[in-house]
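S.K.: Please assemble the complex out of the two chains, which come individually in their own frames, going by the hints.
Residue numbers (our numbering), protein chains in the order written: chain P, 1 to 324; chain X, 325 to 571.
One or more of the hints may lead you astray.
Stated by the list, open to error - Pairs of lysine to any residue, SDA-like flavour, derived with a Cα cap of 20 Å:
#1 X/496 <-> P/307
#2 X/423 <-> X/411
#3 P/307 <-> X/539
To be verified - Here are the simulated distance ranges between beta carbons:
#4 P/299 <-> X/559: 41 to 49 Å
#5 X/560 <-> P/66: 46 to 54 Å
#6 X/514 <-> P/115: 50 to 58 Å
#7 X/409 <-> P/295: 20 to 28 Å
#8 X/420 <-> P/74: 56 to 64 Å
#9 X/435 <-> P/319: 34 to 42 Å
#10 P/319 <-> X/408: 34 to 42 Å
Unchecked claim - Here are some chain X residues the structure puts well away from chain P; computed CB gaps all over 12 Å:
#11 383
#12 388
#13 416
#14 421
#15 422
#16 441
#17 447
#18 521
Hints in this document: simulated from the structure, not taken from any laboratory.
Even for Gly, the Cβ is constructed at its ideal location relative to N, Cα and C.
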Amino acid sequence: MRLLQRAFLLMAAAVALAACGGSDQPKPTPGTAASARPAPSGNASAEEVAEEARGKVKCPAKIKMPKRADGAPVDDVIGVRPGMTYEEAANVVMCTNDLMVVTGPITSGFKIQTYGNTVRQGFTARLAEPRVEKSSKQIMKEMQDDMIARSGNAVRYDLAPGQSKWHVTTMGMPGQEIVVAAGREEWFEEGRNPTVASVSEALIKKYGAPSMDQDNPGQRYMRWIYDPLARPVTETSPLYNRCGGTGGSGGVNLSPDCGLVVQAQLIPTRDNPALARSMEVGVVDQANGYERVTATEQSLEQMEQQKRAKAVEDAAKNADAPTL
Amino acid sequence: MRSLPGILLATTLVAACGSSEPPSAAGQPVAGAASAASPGSSQDVAAAPAGSAATGPALGGRTGELVNPDNNTMVFLYYHLAGITPPIDSWIEQDSRVKFVPAIEKAAQRTAIRGELEAGLAAVGGVGFIRLSLSSANLSDYDPTYGEFTVRALAPSSVVEFAGFGQKVSLKFANGRTAQIWKVQPEDAQSIRDRVGGGRNVELDTYLKITAVQPGPGGGTITTQILEYEMQEARTGTTIVRVQVPQ
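Here chain X stands alone, though its shape is the one from the complex (with noise of 0.2 Å):
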């Protein structure tokens, strides 16, 4: 029998840091803006409450939600979705505030982290949505043959990684194909370009429903469903479109 070519996989990951902190003041709407995304996919909204009837429940009737949650939060909550009972024990000996303190001290520590962990892990406990903000949108240039922009953050290729407790989760976007389409009237479609610099400068701000939860060896992957999303000037924090994504 003769070799066969085989095949040789190799992941190639372009990342880029997403901000942890919640969305500067909102800006005021920008004039334009509001003919700027077409009806036929997507369209302006002023900001829809959080968990509205529209929405409906996430999974397994959740209608909580977290704002911009750290990374420690995020695996509370994913050990959460899953129903995997989470490894506080070891969590507890491998925190440095156990690990590195004279062993007297350290079954008072152990009680405190404890708590904690216990209280975080409560904390998540009806979760179903999230704000989530990502320092950019890395939006593409204009498409005139479709006649719109690639909001490219919010691509199907797209994961935000969190990272504590030695887990790493990763978010998905079910709906990134649709989603990441921002049509764009032809008139519209300099000024905007003019505006964001070549999409550099654009921060987006998501609203996004959990509708699955995959584990995986040392994490897993919460897959979320982008319910509306926000487009800022980095530099000024104008608001540059609010979007509500056709379910």
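Isolated chain P, as found in the complex (with noise of 0.2 Å):
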């Protein structure tokens, strides 16, 4: 006999490809970049780009997901919450930018047998940039640079000052989907750089104060930590340095021992440490998303079960006996 503290660990690691869907797969979210459309070609600024794969979005977003009750603990980015629906969270992303393009859904990531069901585990979104048709000379050259800067380790950011991205996770029955966690990454205009004490005041104000705080050279790392009873944690809990957050890259930890995290890192300019050079902010509601992860794949199990009980009844009454 075993006891066991079990926690599910969620990385960020494998590739997939959007396209990859079958035909069970659910609709496409209007305004997604995976809206089956033949792909554009040519050349294209980014509004040209966004517009494209946006189509019609409809801003503010409708949101039928209840509001935050008096006194809950604040648990969205920039209005995306645990607990909207997959349509929802999309259309709250698209209308934070007019370029700003969701692709996805996203599935795979959590280790769930779906028995062939399309279950969408989310999706990111990160600004349009503009299309440019290029030259066989070019995409060399291209290449060959990459590969001397990967010879080099040159380190590659994956923004550029001015943009930023999302990544949302979802988990539910296909097309049931609901937000589990979400987290967005900014890089700062060049130029326009916030300070990180008045980016960590503005968190403060939103998020109130905040369990951890820690202010280490080349980093600001912030984190609001909830227990299922929406408790907040304090230093002398259990759950302090267990309850873990999430960013604009995806990659959660989901434990039913955990609650609401909300975590925050800023990071600032390598020439002045007072001023930030980028921001990510993400939220996770662990308990329910661990819960919400456990009855799909119940769900999907059951399914399965009577789906195959059907067809050993319909076998038995219609199946030709064997020739013997």
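M.R.: Structure (structure tokens):
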């Protein structure tokens, strides 16, 4: 007999192609890059690329999810909250910027048995960039430059100043997926960088006094931790070092022992540590997310068992008898 | 279409062995223990009678009780609760007493083992409650912010696993979120901290009511409600606290 303390550790790792969905894939969310349409070609501005990918997006987004209860912990990243539907979250994300394009759905990640069903496990979003048709010479030069950079261990950042990206994690039965976690990363435009102090003040104004606030050289790290009873976790709690958050690149821990966790990371500029180069903020509802993953897995399992039982029942009625 | 980052699932398991033995002789209630539990979320009680009226019958009107069941008994119980016909013929053939005996003795062994298995299955018929002892309560340090210890062995993430007949049965606690909280007045906290030595030397006896069963591949999950628990010092066997969990 063994007592096991179990936690799901989920880390961004695999690479999936967005266009690999089967015929039973849920209907693409309007305005997302996954919508079935021929791949556009030719030079285009960022606005044109965004328009092609987004289609019609209604802003502000219509949200059916009940508003946060009075006194409940602040649980949103620019309006995206755990518990929203996939479609609501995608709409809110696109409304954050006219150039924001959602790419998804992500259909892999949580290692659950889906029995061939397509479970939308989240999406990513980032600002559209101009499309430039490149000559073979240009492509070759870029590849060469990349190779030289890699061999020299050059640091390559995912974002450039002025850009931002999202990673939203969802879970649920096909067509009923809801947000479990959401994270956003933003790089401030050069010459318009806010101070680290002003960004942290803004975060405290929105989320309250953090459970954890570490001002280390090279990063300011803040975390708002709640237990499953929505009580703030302090440093004397056994949960203090056990409940992690998420960020703009995705990756979440889901434990039924932890509640809501908001996490922020501020990186100063190289030249002036008082100015913020980038900010990453994420929210995850761990206990409810864990329940959601477990419930989805169980429902899919039940659905499969019913399907198999029906097939056996049908076979008993209709199948041919073997010739012996 | 550009590539998307996926998510890799890894499961972290922190295991601690649970004792299959029933609790050692109940220690004397410790002075101060009665005041240690706050009436807010839990309270000290004398050992409640098994299946008392307050608890009501468990899943499907079951009132029977198992005390520190072994692996095979829990597999029997799972099959009975889930209403799944156990593959007795397969279990018999997998039994080493059939597998590794001369052919001439196999038939007799099959009959004997079938009798054992059928008796085992019949014995769990009306079981709706379980008394389970765990070798460690995995007690946290005192949290003065909320005036409580956390009995982490009862946390929502806790799973007690039983493996038998090639099946794995997991036992979980539905009300772990609240049951794990042991409220203690600040003036009592230090003496408890001194006694429990960082929480490593605390054993746990639980009284559980079966509330649900969830079949799964290769076994299933039995969900229980924690009705009561008692923590004891491992070295001396003295009782630290008895708690009846509000339902």
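S.K.: If a hint holds in the structure, say so; if it doesn't, say that too.
M.R.: Status of the hints after comparison with the structure:
no.	hint	in the structure
1	X/496 <-> P/307	violated (28 Å)
2	X/423 <-> X/411	holds (16 Å)
3	P/307 <-> X/539	holds (16 Å)
4	P/299 <-> X/559: 41 to 49 Å	holds (47 Å)
5	X/560 <-> P/66: 46 to 54 Å	holds (52 Å)
6	X/514 <-> P/115: 50 to 58 Å	holds (54 Å)
7	X/409 <-> P/295: 20 to 28 Å	holds (26 Å)
8	X/420 <-> P/74: 56 to 64 Å	holds (60 Å)
9	X/435 <-> P/319: 34 to 42 Å	holds (36 Å)
10	P/319 <-> X/408: 34 to 42 Å	violated (24 Å)
11	383	holds (17 Å)
12	388	holds (20 Å)
13	416	holds (24 Å)
14	421	holds (23 Å)
15	422	holds (26 Å)
16	441	holds (20 Å)
17	447	holds (18 Å)
18	521	holds (16 Å)
When held up to the earlier numbered hints, the structure conflicts with 1, 10 and fits the remainder.
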